[in-house]
Structures are given as C-alpha cells and as structure tokens.
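Peer 1: Going line by line, the protein sequences match chains A and B. With the numbering used here, you'll find the first sequence wraps up at 811, consecutive numbering, no jumps. With the numbering used here, you'll find the second sequence wraps up at 140, consecutive numbering, no jumps.
There's no promise every hint is true.
[Stated by the list, open to error] To give an idea of the interface, some chain B residues facing chain A are shown, with a C-beta separation under 8 Å as derived from the structure: (1) G33; (2) L35; (3) I38; (4) R40; (5) G42; (6) C47; (7) G51; (8) Q79; (9) H83; (10) L91; (11) H92; (12) V108; (13) G109; (14) G112; (15) N120.
Don't read these hints as lab results, they were simulated from the structure. Using N, Cα and C, we set each Cβ at its ideal position, and we do this for glycine too.
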Amino acid sequence: MKEKLVLIGNGMAGMRTIEELLALAPDLYDITVFGAEAQANYNRILLSPVLAGEKTIDEIMLNDEHWYMDRGIVLYLNSEVTGIDRNNRRVTTADGVSAEYDRLLIATGSQPFILPVPGHDLPGVIGFRDIHDVDTMIDAAQHYRHAVVIGGGLLGLEAANGLLRQGMKVTVVHIGDILMERQLDSAAAKLLRKSLTERGIEFVMGAETAEIVGKKRVQGVRFKDGREISADLVVMAVGIRPNVALAKSAGLYCERGVVVNDTMQTYDPRVYAVGECVQHRKQTYGLVAPLFEMAKTCANHLAELGWARYAGSLTSTRLKVTGIDMFSAGDFTGDETSDEIVLQDAARGVYKKIVIKDHKIRGAVLYGDTVDGAWYFQLMREQSPIEDIRDRLLFGQGHLGDSGHGANAVAAMADSAEICGCNGVCKGTIVQAITQKKLFTLEEVRAHTKASSSCGSCTGLVEQLLAMTLGGDYSAAPQNKPMCPCTHFTHDEVRTAIRERELTSIPAVMQALEWTTPNGCASCRPALNYYLISTWPHAARDDYQSRYINERAHANIQKDGSYSVIPRMWGGVTTPDELRTIADVVDKYKIPTVKLTGGQRIDMLGVQKETLPMVWADLNKGGLVSGHAYGKALRTVKTCVGQEWCRFGVRDSTQMGITLEKMTWGSWMPHKFKMAVSGCPRNCAEATIKDFGVVAVESGWELHVGGNGGVKVRVTDLLCKVASEEEVLEYCGAFIQLYREEARYLDRTAPWIERVGLSYVKQRIVEDADGRKALHARFLDSQTLAQSDPWAERASHGVDKHEFVPLKRLA
Amino acid sequence: MPTKPNIKLVKTPMTAAADIKHTPPAGAWIEVGRLDDIPRLGARVVCAPDGDIAVFRAADDHVFALRDQCPHRGGPLSQGIVHGHKVTCPLHNWNIDLQSGTALAPDVGCAGVYSTRVENGVVFLYTAPLPSADCSGSSE
Ligand SMILES: Cc1cc2nc3c(=O)[nH]c(=O)nc-3n(C[C@H](O)[C@H](O)[C@H](O)COP(=O)(O)OP(=O)(O)OC[C@H]3O[C@@H](n4cnc5c(N)ncnc54)[C@H](O)[C@@H]3O)c2cc1C
Ligand code: HEM
Ligand code: SF4
Ligand code: SF4
Ligand code: FES
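Start from the sequences, fold in the hints, and give me the full structure.
Peer 2: The structure is reproduced here in structure tokens:
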C-alpha cells in the first residue's frame with residue numbers, strides 16, 4: 001500500500017510541490033488534490049495580462065485536468081476543504097467528501113483584504129485574485145463605465161491598467177503619497193505615476209476610504225475627508241491575508257500565517273505547508289520565486305530524501321504593465337549607515353538608484369531602463385563586493401567590459417536575434433519555450449532549449465528574457481546554489497570540505513557530503529576531480545573516468561568524432577626542424593587540414609583516435625610535446641617579436657613568453673588559461689584580453705589579469721607593475737595558484753575576479769608579499785607532478801592503451 | 001586496479017528479445033573481450049561493418065551496448081562520461097539511458113540498443129540491435 005498524500009489548495013505553490021515531488025519520487029504516494037476554484041492549476045500571476053486582453057485563460061493553464069489524470073492524481077475541483085481531523089488523519093469538504101491522509105500539504109494561499117468599511121459587501125466590490133474576479137471585471141467593463149481601484153500597489157496598478165485596456169475609465173485611490181511605496185522611492189513613483197496618467201489613469205492620492213456607497217450595487221466611494229467619486233466597479237487591492245482559518249480550526253499553530261520550520265513542516269509533523277499561507281522565520285511572502293523554493297524543499301522531504309532546508313528568500317519585483325519598465329529589490333531607502341548612487345534622466349524617463357552599504361548592494365530601484373535588474377539582484381544575492389566597479393555600476397553590466405554576460409536591451413531584440421551563440425538558440429525560441437512549456441527558472445530554460453548551458457555567457461540575457469516574459473525575477477535561485485543536482489552543497493562549500501576534512505577521493509567526497517546519486521554526473525565529477533587534484537596534488541589520484549573526453553584523449557574531439565592535434569610551440573616560436581616534423585606527420589597520416597590557431601600554434605585537424613598515439617610518437621621524435629589545447633589547463637603563451645627584432649621593443653617579450661610557458665605548462669586549472677607577452681605598450685600580442693597578460697614598459701613589466709576574448713570581450717584589469725623578470729614569474733605563479741585554489745570549476749578568471757573583486761586579488765598577490773611567495777611555492781610544488789608530457793606517456797609508455805584501440809573489430 | 005567481479009551473469013536482455021513477435025534481424029552472440037578490458041564508468045568501441053557499437057561498463061559492473069551515435073547530432077557516445085546507468089554525450093551533453101538508449105527529458109531521441117551478457121568475466125554482444133519500440137516514439 002502506498003502512503004496517501006492530500007493537498008489542500010490547487011494553486012501555484014501546492015502544485016509546484018507535487019511536480020517537484022513527482023520528479024524525485026514518482027510512485028511514492030497516492031495523491032489527492034482539493035481545490036476551491038473551478039479550474040485546474042493555472043499561472044495566477046498571468047491574470048494581469050489576461051485582464052489586459054494580452055493572453056487568454058487557455059494560455060495560462062499550467063496543469064490541465066488531463067495532466068492529473070495521466071498521473072493518477074485524484075482532483076476535486078469546486079471543493080473547499082472545511083475540516084481537518086488530525087486524530088483520524090482525514091479532511092472533509094463542504095460537500096461532505098472526505099479523504100484520509102498519511103501526509104497532508106496545506107497550500108491555501110491568501111485572499112485579498114477587503115476593507116471593512118460600510119458597503120464593502122455590495123455587488124460590484126471585488127478583489128483581484130482568481131479567474132472568477134477577472135471574469136467579473138471583464139463582464140463589468142462591458143456594462144459599466146467607472147472603475148475605482150483602491151490601492152496603488154503592484155496588484156492595484158496591474159488591475160487598473162487591465163481595466164483601462166478593457167475600455168473603462170479608471171481611478172486609482174491610494175492612501176499614501178507614493179505609489180507602490182513598498183517597491184519604489186518617491187522619485188521613481190513620480191515617474192510611474194506620470195506615465196500611467198499619460199495613459200489615462202486618474203489618481204486620487206492621500207485618500208482614505210470611509211464608505212462604499214450604493215443601494216443595490218456600488219455607486220461610488222466616499223473618503224474620510226468628505227470627497228466622493230462615482231464608481232460602478234470597485235476593486236480592492238489593499239493587501240492580502242494568508243488563508244489560515246482552516247489550519248487554525250484544526251489546531252495547527254498559526255500567527256499571521258501557518259507557522260513552519262525550515263523543512264516546511266507545521267507543528268504537526270504529518271502536516272506540511274507551502275506558499276502564501278505560511279509564515280517562515282517570521283516572514284510571509286507574496287511572490288512566486290520564494291514559493292517555488294519552498295516547494296523544492298518540501299518535495300525533498302515528502303520524497304523522503306530529507307536534506308533540503310529553506311532559509312528564506314530575498315525577493316525582487318517587476319510591474320507587468322506592457323510598456324512600463326520597473327524593477328525593485330531589497331532595501332531601496334537605506335539609512336544613515338548606507339549611501340546611494342542615483343542616475344536621473346527625466347527627459348528619457350529613466351531613474352536608477354542603488355543603495356550600498358559596506359561596499360555591497362543592499363537594494364535597487366530601476367525605472368525606465370531595467371535591463372540590469374537581474375545583474376544587480378545577483379550582486380546583491382551573492383553579496384559581491386562592488387568597490388572596484390562602483391564608478392561604472394549604474395551604467396550597467398554592458399559598460400564593465402564584462403566577462404561576457406551580455407547586456408543588450410533584450411526587449412528590443414528581434415525574435416531571430418541569437419541569444420546563445422554556443423548552441424545557436426535565438427530569442428524567439430526561448431520566449432516560445434518559456435510560454436509554451438511553462439518554464440520558470442534558468443535551469444528549466446537550459447534543459448529545454450540548451451540556451452546558456454554551454455559557456456554560460458548568455459546567462460544574463462536568458463534571465464532577462466525570463467523576467468521579461470513572466471514578470472518577476474524567477475531565476476531568484478537560492479543564495480547558495482548547489483553545484484549540481486547531485487548535491488545540495490555549493491562549489492565553495494565542497495572545496496572547503498575537501499580542504500578542511502582532508503577528503504582525497506571522489507567517493508570520499510560523495511560520502512561525506514551525502515551525494516544523492518551513486519556516482520555523480522557529467523557536471524560534478526570533473527569538478528570534484530579538479531578540486532581534489534588541485535587541493536591535494538600529492539595525495540589525490542587523478543580520476544581518469546571523471547575527465548571530459550578531451551582530457552582523456554589529450555586531443556580535441558571534433559564534430560565528426562575525429563580529433564585535432566596541437567603541439568606546444570613555446571612562446572609561439574618554432575624551428576625548421578619542428579616544421580619539417582609536422583609536415584612529415586601530416587603527409588604520413590594524411591591529415592586533412594592544417595591550420596594556424598589564434599594562439600600562435602599549428603593545429604592538425606581530422607586525426608582518427610586510433611592514430612593519435614602514432615602521430616604523437618612521431619611528433620615526440622621531432623621534439624614536439626602536447627600543447628594542452630584540449631584541457632582546462634594552461635593553453636598558450638602568445639608573444640610578439642619584441643626587443644630582439646622590433647624597432648619599438650623595450651624588452652625581450654619572446655623570451656619572457658617562453659620562460660613563462662616553461663614554468664606553467666601542464667598545470668590543470670578551473671578553466672582554460674591563456675597568457676601573452678608584448679614587448680612594448682603597442683601590445684601586438686593582445687596581452688590585455690588574456691587571463692594573465694604581460695606588457696613590457698621602459699621601467700619594467702605591467703601585469704594584467706582577468707581578460708578574455710570570446711562572445712563578450714573583457715579587457716584585463718591592471719594588477720600592478722614590477723621591475724624584474726623574477727617578479728613576473730613569481731606574480732604569475734601566485735596568481736595562477738590563487739585562481740586554481742579559489743575559483744569555481746569552469747569559471748574563467750574574468751567572472752572569478754568580478755565575483756571576488758580586483759581589490760581582493762591585489763591584496764593577496766600585491767600587498768601580501770609572504771602570501772604571494774607561499775602561493776608561488778605551492779604552484780611550483782604542484783608543477784613538479786604535472787609536468788610530464790601526456791603524449792609521450794601514451795605514445796611510448798603504454799598509458800591508457802585501451803583509450804585508443806577498439807575492444808574488438810568485427811569482420 | 002579494478003577487482004575481478006565474481007558475478008556470473010550480469011544482464012540478460014534475452015527475454016526482452018524473445019518476447020518480440022516479429023523476427024528480429026539476424027545476428028549472433030559473439031565474444032568481444034573481458035569485462036576488465038572496459039574501465040569502470042567507461043566504455044570501449046566494437047567496430048562493426050555497419051557502424052561502431054559502444055560497450056559501457058557501469059560502476060556496478062552492469063554492461064550495456066548502444067550504437068555509438070548520439071540521437072542528437074551523431075556524437076560518439078563511447079567518449080562520454082558514464083554515471084549511474086547513463087552516459088552524457090561529449091558533444092552537447094545530452095543524457096542517454098544505457099538500458100533503453102533513450103535520451104532523458106527534456107531531450108527526445110533514441111540510440112539503438114544491443115544485448116549484452118557477461119559470463120565468467122567475458123563480455124558477449126548480440127550483433128543485431130534490439131527491435132526497440134522506444135526508438136520510434138518520444139521518450140516522454
Ligand atoms: C493578479 C496577480 C498578479 C500577480 N503577479 C505576480 C508577479 O508578477 N510576480 C509574482 O511573483 N507574483 C505575483 N502574484 C502573486 C502570486 O500569484 C502568488 O504569490 C501565488 O499564486 C501564491 O501561490 P499559492 O499556491 O500560495 O496560492 P494560490 O495560487 O492562491 O493557491 C491557493 C489555492 O488554494 C485554494 N484554496 C484556498 N483554501 C482552500 C480550501 N480550504 N480548500 C480547497 N482549496 C482552497 C484557492 O482557491 C487557490 O486556488 C500575483 C498575484 C495576482 C493575484
Ligand atoms: C567561451 C567558449 C569557447 C569555446 C566553447 C571555445 C571552443 C573552441 C574550440 C572547440 C576550438 C577548436 C579547437 C580545436 O579543436 O582545434 C577553439 C579554438 C580556438 N579558440 Fe575557442 N572557445 C571559446 C572561447 C574562446 C575565446 C574567448 C577565445 C579567445 C580569446 C578563443 C580562441 C580560440 C582560438 C584562437 C582557437 C583556435 C582557432 C583556430 O585558429 O583554429 N576561444 N575554441
Ligand atoms: S572554433 Fe570557436 S569560434 Fe570557431 S566555430 Fe568552433 S567554437 Fe565557434
Ligand atoms: S608590442 Fe611593441 S615590441 Fe612587440 S611587436 Fe608590437 S611594437 Fe614591437
Ligand atoms: S551529438 Fe550528442 S549531444 Fe549533440
């Protein structure tokens with residue numbers, strides 16, 4: 001017999017929990033769902049576009065009745081649960097239907113608060129909460145003229161805009177002087193009021209409602225100061241109250257909401273609660289992002305995995321009124337201890353304010369130009385130090401020379417515009433997937449469209465598309481995002497555990513950190529392997545099967561399954577003998593394509609895997625070794641000809657490049673790592689878009705860090721200037737080691753530096769001389785193990801033979 | 001060093017094949033190598049006249065075989081990372097179920113499946129693919 005799970009409240013939070021549960025444990029429960037509404041589960045937040053005539057009810061359904069049937073879920077519609085008998089574990093509806101439960105999930109949401117003024121129960125006075133309310137409003141628009149919306153908050157303004165679009169004359173009554181005072185400051189609120197007034201909405205500010213007047217039906221609204229306006233329809237949008245009556249009557253402990261702990265359990269361990277009806281750590285929520293996080297946690301416990309914890313959410317808001325861009329998050333007023341940066345351009349209708357405390361973003365309000373909302377919200381969530389980018393912060397991510405998150409106005413882009421270059425996904429495809437497949441999170445968009453699933457540089461764009469299409473910040477991932485679905489620990493937590501608990505193998509990590517899969521996945525295993533070998537170069541053994549194919553085959557896999565071979569050419573310098581060797585190899589093995597790479601190397605493309613060891617053996621004979629062009633490793637050091645030949649050269653950049661490459665080759669990194677050395681500030685080697693770039697000047701060497709080419713070019717930051725060659729080597733080794741020890745796997749130096757801040761890197765590398773020397777020493781120590789040519793090992797010493805020969809050849 | 005497994009029969013998809021009504025394409029059981037020749041959580045390739053077959057060995061020593069062609073754009077599945085009874089394609093990270101050959105949601109598609117069995121540490125492969133109903137439809 002399966003256990004019985006009963007859900008009360010067929011809304012967004014409850015059904016999200018059921019979906020998450022089914023994904024984790026499809027067959028654990030017999031599920032019964034009671035919903036007071038007439039419809040199956042729909043996307044409540046899209047009621048505003050429905051009211052505005054931009055969407056139909058069909059378009060906003062999330063799970064229709066077939067969905068429940070297909071999964072064997074018993075669904076009762078129009079069925080309000082009126083009693084919970086916790087002793088006998090049974091719920092009963094108003095119609096007398098009852099159901100037993102082993103576990104109960106309460107997700108009754110909330111209801112609009114109706115001001116208890118005289119006349120509040122007249123026909124024509126409604127809230128804005130469900131499809132029924134929307135039907136009432138659309139119907140009223142056909143028969144009546146005057147609508148009054150009481151409450152100038154998010155919901156009230158969306159209702160007002162919708163009613164206006166339905167052809168009504170709309171007046172918004174607000175008790176204070178600032179619209180949406182919980183999300184906006186007065187400057188932004190003024191801009192918002194101005195543009196809503198231009199659309200034709202009237203405002204009565206500072207007005208407290210005293211009475212709804214009317215005989216058979218509402219006829220007007222009277223205020224405390226005696227003013228009166230006429231009305232045929234009154235929409236109350238003054239706030240919501242969690243639906244706790246049912247839970248309370250069952251004796252469950254409630255305050256403002258049903259009180260739950262971090263596992264979403266109420267005071268009765270068999271009873272869980274999620275959504276707007278709950279109170280968690282003294283907070284109640286009215287947006288879906290936190291509810292979805294609750295749903296995830298709750299499903300984890302219902303599925304008997306039992307490790308997830310909900311720790312509360314930070315929320316951000318956007319107004320879903322087409323043509324008005326508004327974003328708000330966190331504490332946007334600040335106090336004496338915080339300061340703010342403001343940009344105000346009344347002519348363009350743009351206002352941006354960021355509140356900063358201790359070099360971190362506390363909150364933000366954006367009006368008119370909200371493309372950077374997601375980015376500020378991320379900086380806020382991650383508590384990233386912003387002192388180094390403070391001067392450019394307000395101009396947005398596009399002005400940072402950023403590491404490739406992109407910050408074009410996505411809203412203005414054509415549907416055919418490509419968002420994800422790696423996987424060739426365009427804007428239209430993503431928007432379509434979001435609406436048709438009902439996606440809410442970045443992970444879902446990744447899974448369904450592949451956008452943002454490769455190099456990740458379009459993540460910001462995809463997040464903006466989500467926000468734009470759905471209205472809120474759905475990608476409001478928990479602050480601590482697990483490194484992959486196999487674990488609930490973050491990259492940083494895993495690294496710390498490996499170091500502090502001295503874990504030296506993948507099984508040890510998986511056991512200590514309670515991995516949920518037997519041997520991880522293709523995303524966490526390579527990361528764990530890297531963390532282990534970089535933390536414990538001597539003790540940890542490289543796990544071959546946890547490496548990507550390129551690093552197993554020591555060559556780059558191509559789209560047809562063949563491989564490319566790029567030998568090292570120290571500092572980009574070669575000799576006639578090396579060239580002859582390469583030419584001979586190309587002839588002998590009939591390699592179809594030979595190409596010069598952007599990193600000053602020679603690439604032989606189209607080599608079959610079985611041939612690789614022979615190709616390498618011949619290259620080795622000519623003195624050529626692996627160029628690691630396939631690895632998350634030091635790739636190339638590009639140089640210019642420098643002082644030796646160039647009439648501008650001030651130092652020997654070529655030799656410096658060779659020396660650097662000899663020191664650093666073979667080292668595994670979180671991601672690929674490129675270097676360059678230029679012989680003078682003309683910088684022909686393009687050192688300022690490399691992970692570590694060196695530019696010679698009269699007085700010494702400038703060291704630049706954190707650059708990259710690619711989808712979005714990021715120019716390096718100047719780390720410092722040093723005088724001697726020895727210092728270049730020491731700073732370089734220390735910088736690489738800091739990156740190796742602290743960056744997350746698959747972070748290039750640019751996003752890493754943007755996250756930790758250049759000041760931090762300077763402090764560790766430039767200011768702390770002892771620390772720098774120690775880092776450099778650790779780097780050299782790990783290099784003693786790393787510097788062995790993987791091609792020679794395989795070509796001549798029989799390492800990993802099985803990789804290159806078929807198991808069997810059938811005639 | 002992978003320890004020698006004392007499991008005699010790891011997987012018998014024979015019954016599945018026998019259940020099928022129409023006659024399966026002609027094939028034969030052949031010996032392809034020792035279990036120890038395939039790394040745990042790894043794969044090896046068997047070159048067949050009509051295309052490569054990838055033979056996988058999971059952590060629990062279950063052995064699976066698929067046509068070495070990803071249903072997405074033909075990537076060589078034998079080169080992917082194996083985890084659980086799944087392999088992640090090296091080209092664009094689709095996840096393929098080793099038992100059924102189907103792509104895991106949200107991706108849709110299927111790679112041909114071959115029967116395998118292990119006897120006394122020796123791996124046998126049936127050279128004709130299983131007529132798989134899953135391959136024609138979607139995986140959802
Ligand atoms: C017009 C509108 C616009 C919004 N816009 C946004 C937005 O842009 N961004 C955002 O993040 N959020 C927005 N929200 C808020 C968001 O919709 C809610 O936070 C979310 O729907 C709450 O989910 P829930 O499951 O807790 O409650 P609900 O979705 O309300 O579900 C509760 C369900 O339980 C049913 N129920 C209650 N009591 C019982 C009972 N005793 N027996 C059986 N059934 C019962 C109710 O009928 C209801 O169907 C908006 C809300 C509205 C109304
Ligand atoms: C961000 C995602 C990136 C991915 C996925 C990627 C992937 C690749 C791949 C698969 C190759 C082919 C290598 C081979 O098989 O020989 C390649 C080549 C190359 N990449 Fe990238 N790359 C990325 C970013 C960059 C960036 C930012 C730069 C420059 C700074 C760069 C510079 C090069 C160069 C110069 C080559 C050699 C191309 C040639 O001349 O043949 N790549 N890259
Ligand atoms: S080599 Fe780089 S730029 Fe060229 S197609 Fe491949 S990934 Fe794109
Ligand atoms: S960077 Fe300066 S030294 Fe190097 S090639 Fe260019 S001009 Fe010459
Ligand atoms: S070819 Fe396998 S995922 Fe694209």
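Peer 1: So, for every hint listed, does it hold in this structure?
Peer 2: Right, here's what the structure says about each hint:
no.: 1; hint: G33; result: holds (5 Å)
no.: 2; hint: L35; result: violated (11 Å)
no.: 3; hint: I38; result: holds (7 Å)
no.: 4; hint: R40; result: holds (7 Å)
no.: 5; hint: G42; result: holds (5 Å)
no.: 6; hint: C47; result: holds (5 Å)
no.: 7; hint: G51; result: violated (11 Å)
no.: 8; hint: Q79; result: holds (4 Å)
no.: 9; hint: H83; result: holds (5 Å)
no.: 10; hint: L91; result: holds (7 Å)
no.: 11; hint: H92; result: holds (7 Å)
no.: 12; hint: V108; result: violated (11 Å)
no.: 13; hint: G109; result: violated (14 Å)
no.: 14; hint: G112; result: violated (15 Å)
no.: 15; hint: N120; result: violated (17 Å)
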